[in-house]
Each structure stands twice: as C-alpha cells, then as structure tokens.
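Student: For reference, the chains in residue letters:
There are 2 protein chains.
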Amino acid sequence: MNFADSVITRVRELGHPLCVGLDPHLDLFPPLFRRGSMAAEDPATVVAVSDLLTALLERLPGKAAIIKPQSAFFEQLGAAGIELLQQLMGRARELGILVLLDAKRGDIGSTAEGYARAYLDPHAPLRADALTVNPYLGLDTLAPYLQRCKDHGRGLFVLVKTSNPGSGDVQDLNVEGRPLFEQLASKLGTHVSGFAGETDWSSLGVVVGATYPDQAVRIREALGRGLFLVPGYGAQGGTAADAVRGFVPGPAGLEGGVVSSSRGIMFPVAAPSSATAWEQAVDAALDRAIDELGNAVARR
Amino acid sequence: MNFADSVITRVRELGHPLCVGLDPHLDLFPPLFRRGSMAAEDPATVVAVSDLLTALLERLPGKAAIIKPQSAFFEQLGAAGIELLQQLMGRARELGILVLLDAKRGDIGSTAEGYARAYLDPHAPLRADALTVNPYLGLDTLAPYLQRCKDHGRGLFVLVKTSNPGSGDVQDLNVEGRPLFEQLASKLGTHVSGFAGETDWSSLGVVVGATYPDQAVRIREALGRGLFLVPGYGAQGGTAADAVRGFVPGPAGLEGGVVSSSRGIMFPVAAPSSATAWEQAVDAALDRAIDELGNAVARR
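Going down the list, the sequences are from chains V and Z.
For the record, in the first sequence the residue sitting at position 37 is 37 according to the numbering used here, with numbers rising by one throughout.
Count along the second sequence from 1, then add 1000; that gives the number in the numbering used here.
Treat the hints with caution; some may be incorrect.
As the list claims (entries may be wrong) - Which bits of chain Z does chain V cover? Going by a derived footprint, with three or more residues having C-beta under 8 angstroms, they are:
(1) 1035-1047
(2) 1065-1074
(3) 1082-1093
(4) 1136-1143
(5) 1155-1161
(6) 1177-1187
(7) 1190-1200
To be verified - FRET-style restraints, in silico, Cβ to Cβ:
(8) V/A252 - Z/E1176: 40 to 48 angstroms
(9) V/D200 - Z/S1273: 39 to 47 angstroms
(10) Z/A1055 - V/M1: 42 to 50 angstroms
(11) V/E13 - Z/R1178: 29 to 37 angstroms
(12) Z/A1275 - V/M1: 44 to 52 angstroms
Unchecked claim - Away from chain V, derived, C-beta distances all over 10 angstroms, residues of chain Z:
(13) G1015
(14) F1029
(15) P1031
(16) V1248
(17) A1271
(18) A1284
Just so you know, these hints were derived from the structure itself, not from any lab.
We treat Cβ as the ideally placed atom computed from N, Cα and C, and that holds for glycine.
Turn these sequences into a full structure, and let the hints guide you.
Tutor: Right, dumping it as structure tokens:
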C-alpha cells in the first residue's frame, strides 16, 4: 500500500495527526527507569531505554498511527542500541503502528543506495515505513529512496525548513529572490505527483518545523500534495495551530501530514512514584496532545 | 592531541595524503570472500564483510595514516553490522590508524548532541577520531561536534562541495552573486582558526570532491587552513592532481587534507584466485595510489 494512503487513512480514522517521537534522552530518564550509571557505554543503560520505550509503545495502539524513533539516541548506545532499535521497530509492526525513522540520511550514488537498502528494503534488519533525508547533496541523491517508495510503498521526508533557530543559515538564503527552502519545495513539487496514492496524497514529503508556520504555508503552495512531517510542536514552542498551518481541508478536517511530539509524551513527569503513575502521566500527555491536535484540524 | 596535527604529522611522515575508504559494497565482493546469499539480512554476510575488512586493515600500517569507514554499508547489515563497525574501529586504534567515520550526520539541538556523543565522546562505543557532517540544518547545529574538537581533539568535516554530478542542485545555487558552497566555506572560515593546532592546520575541515578541482581552489581561499577530505579520486573520475588542487605548500610538499580511495583498494580484482593473490592485488593498489598521490604533492 502507498505510504501516504496508509498515513492519511489512519489519521482520518483517529481524528488527529499525532506522531509519537521516540527520543530517549538519557539525561531526562526518571529515577524509576534509571539503571546503572546511565552512561552511553554502560550495558545497563540499554536495559533502561528498552524498558521505558517498550512500556511506551504498549500505550499507543488506538491512540497514535505512527512513531518516529530518533536514530541518534540509539546510535549513541553503539551496536546494542541499534539492536534495541531493531526490536522496537519489530514490535511497532506487530502492534500495527507505522514507523518513520528520523535518521536524516544523505549521501551520494552507491552510498545513498546503501542507506535506502538499510532502511527501506523489505527484508532489511532495520526496515522502516518511511525515512527522513537531507537534500544538500542534490536531488539525484534521492533516487534510491524514491525507488523504494514506488516498489515497496515506502515514504520519504526531505528536510526543507527545520524547526531550529539557526535553520535559516542555509535554508533561508536568498536564491534569485526566493528563499532556498521555497526553491527546494518547488523542485520537489515537480516530482510529488509521481508518488501519489488513492487519497491523492504523495509519499514524497517534506520536513517543516512547527516553529515556522508562515513558511509552512509557502512550502505547501510550492510543493502540492506531499505529506508534511512537522517537528517542533510542544517542547520547542510550536502550538498545535502553528503545527497544522500547512495542512489543507480534507473529508475529516484539515490534513496533509503528521505532527510529532517526543519529550512531552515520553517524559511527562520528572519523577513518577510508580510504574502506574508513569503510565497514567503518559496517557494524560497523549490525550492532551490528541485533544490539542484534534481541535486544530477539526472543521470549524 | 589536535586532530589536524595528528593527520598532518602522519601525512608528512608518509609523504602522501591517502585515506583508505572502507565501503563494503556487497555486490562487489569477490567469490573468494562471499559467504551465504550475501543478502543484507543473512548473518553469513557479516562474516564475509568482517573477513575482508579485517584482512584489509592488516595491510595498512606503515602505508596509510587514516581510514574512512562508510557508515551506510554497515547500517544496511543492521545491528550486527554496527557491532562489526565497532570492532573494526577498535582494531584500527590498536594498529595506530586514525578513523574518520563517514556518516554525514546532521540534526538539531539535543539530537545533534546525541550524534556528537555517539561518535566523538571518549568512551562512546562507536567513537571515531573525526566525523563528516551535513550543514543544511544551520551552523548552530555544528556546535556539539566542535565542542568535542576542542575538548577531545576530534576532527570535523563539513560537506561543502560533494563529488557527485548532481551536487550543484543545492550547493551551486547563486546566493547574492556567489555559489552557495563558497558562501558556506566563507562562513566556516571565520571559525577555522579556533580549532587550529601547532601545525597551524585546523580540525574544522570540509569535504570537497576531487571531481571539482576549480571549486576546491575557491573553497581553499574562502576557508583558510581547514583540512580537506577529498572523495571522488579514482573510481569517480578525479585524478590525483585534481584531488590535491586545494592543497598548499608545506614543509614536505603540498598539504592540507586527505584524499580517499575506496573501491580501487578494497576490490582491486574481480576474482582473485587465492587469499595471497588478493593480498598482493591490494598491496599493489595501495602502492599505486600512494605513488600517484605522493607524486601529486611532491615539491616540483
């Protein structure tokens, strides 16, 4: 099935576009889940991360359509962290949750082919449903990933306008009268329809930070019907209304992508008193995000 | 020790800037080294890759100062591939060979911090001496890596002008009269001296493809004394003379970075008849690259 169709269908059913980010910041682990020194090289740390993320995953069925593991936080644990990532992606598949791996890969030629194989091939140990990639090396470097969108129903999210304060250093540069991010969205826009599904949404999508809502509108105009992945909602300061500014009306409200929230859901309280207290806090944080985002996309 | 000093000192001693790329393309494995199906998910594949790369590493002491493992080809093997990468980096350290991990990472805020921890912290399971990174997300996102250059003597190579045919899509865009890659080199140039060592070379370096020698000259002018990592020599068509076009005169000849060669050295013959024949072919390929690059940097 086309990735965009999978996402949009589930988002319509759930009534909100929440994507739960898995960003296991070691510094933020509550005492309840801490094991050993919590240093990246301590084998006990992987156990702590596994316990928290496994417990989190079990809260999600029926609530969130998609998760977004952040590769960096698994890589910092070395091979044991990648083993854990592999297990968690498998468990998400069992639970019927889509996996968007946030790895922001980018390389050329046969190396880009290597990354596409690593994350988007059907039998790859680390296979995901979709991947984030970096466009700096040129649009030719996206070809291996796009081939997997066609062949295996995968999705691709190209970094266009990221949520950080310094994203303008390169992305806002004035290229013949238009900011680079808009030029890039236009170039990608010429390819979007080639990856569209039955919902008319395309599996060739982009990353646009919730912290730049006006830019999101310009990117939507330039791109057409490619999915948005919107980070920066919650902890980074983007509101739910900001996060869906690039969405457009659909049969069940505003639609056009997913909005990720990580820290607010994974670490809802600094020091929960028990596993049950932590579960209740996670459920409450999920419900709050679902409510906010659901209201933001609801027909008015 | 400052990373740039380590590199330049060894390059001067050896008389050439060769960096040996470790790009285990599964499709290129000679029959002698193939195991099982050679599919990414077959556990036998990791054994094949381990055998070839371990044998290759043992040919390098006294010949090459630095290796450049290409992360994608390990990631495609899943957690077992990362375990192998970890082992190979450890073996290189034992052999006194510097490790530049070609992972082209790029992310924001705490996630960039995660990548810096993963690859540049002293006790990180996957610690390397230097890392390649992508600047598209903004110069603020380089801060965590640069902190490790200062604190732990690491090196950083920022993608500026890559060797692929489509690199111009973004990198050559006209930004107020100058190509983007040159603007970026100028911006980085203002930070280069902060990471300089006793050789006056800086551990804040850039990636410039051997396939763009004229651009290398412009980047050198804009950047100052930051190291170059030059891919694209050999298989991609750049000559030895092209590869060192951005180098400058030093006490032992032209200097200013390293030039990587991967396929030509790892896979010098399609079907060696024996382990000995493969070793001889690897040694001959190494000697040829050393000779070419040594001549290119020699004082004339």
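Student: All the hints need checking, so say for each whether the structure fits it.
Tutor: Hint check:
no.: 1; hint: 1035-1047; verdict: holds (count 3)
no.: 2; hint: 1065-1074; verdict: holds (count 3)
no.: 3; hint: 1082-1093; verdict: holds (count 4)
no.: 4; hint: 1136-1143; verdict: holds (count 6)
no.: 5; hint: 1155-1161; verdict: violated (count 1)
no.: 6; hint: 1177-1187; verdict: holds (count 4)
no.: 7; hint: 1190-1200; verdict: violated (count 0)
no.: 8; hint: V/A252 - Z/E1176: 40 to 48 angstroms; verdict: holds, 45 angstroms
no.: 9; hint: V/D200 - Z/S1273: 39 to 47 angstroms; verdict: violated, 58 angstroms
no.: 10; hint: Z/A1055 - V/M1: 42 to 50 angstroms; verdict: holds, 44 angstroms
no.: 11; hint: V/E13 - Z/R1178: 29 to 37 angstroms; verdict: violated, 50 angstroms
no.: 12; hint: Z/A1275 - V/M1: 44 to 52 angstroms; verdict: holds, 48 angstroms
no.: 13; hint: G1015; verdict: holds, 29 angstroms
no.: 14; hint: F1029; verdict: holds, 14 angstroms
no.: 15; hint: P1031; verdict: holds, 20 angstroms
no.: 16; hint: V1248; verdict: holds, 26 angstroms
no.: 17; hint: A1271; verdict: holds, 20 angstroms
no.: 18; hint: A1284; verdict: holds, 24 angstroms
Checked against the numbered hints above, the structure breaks hints 5, 7, 9, 11 and satisfies the rest.
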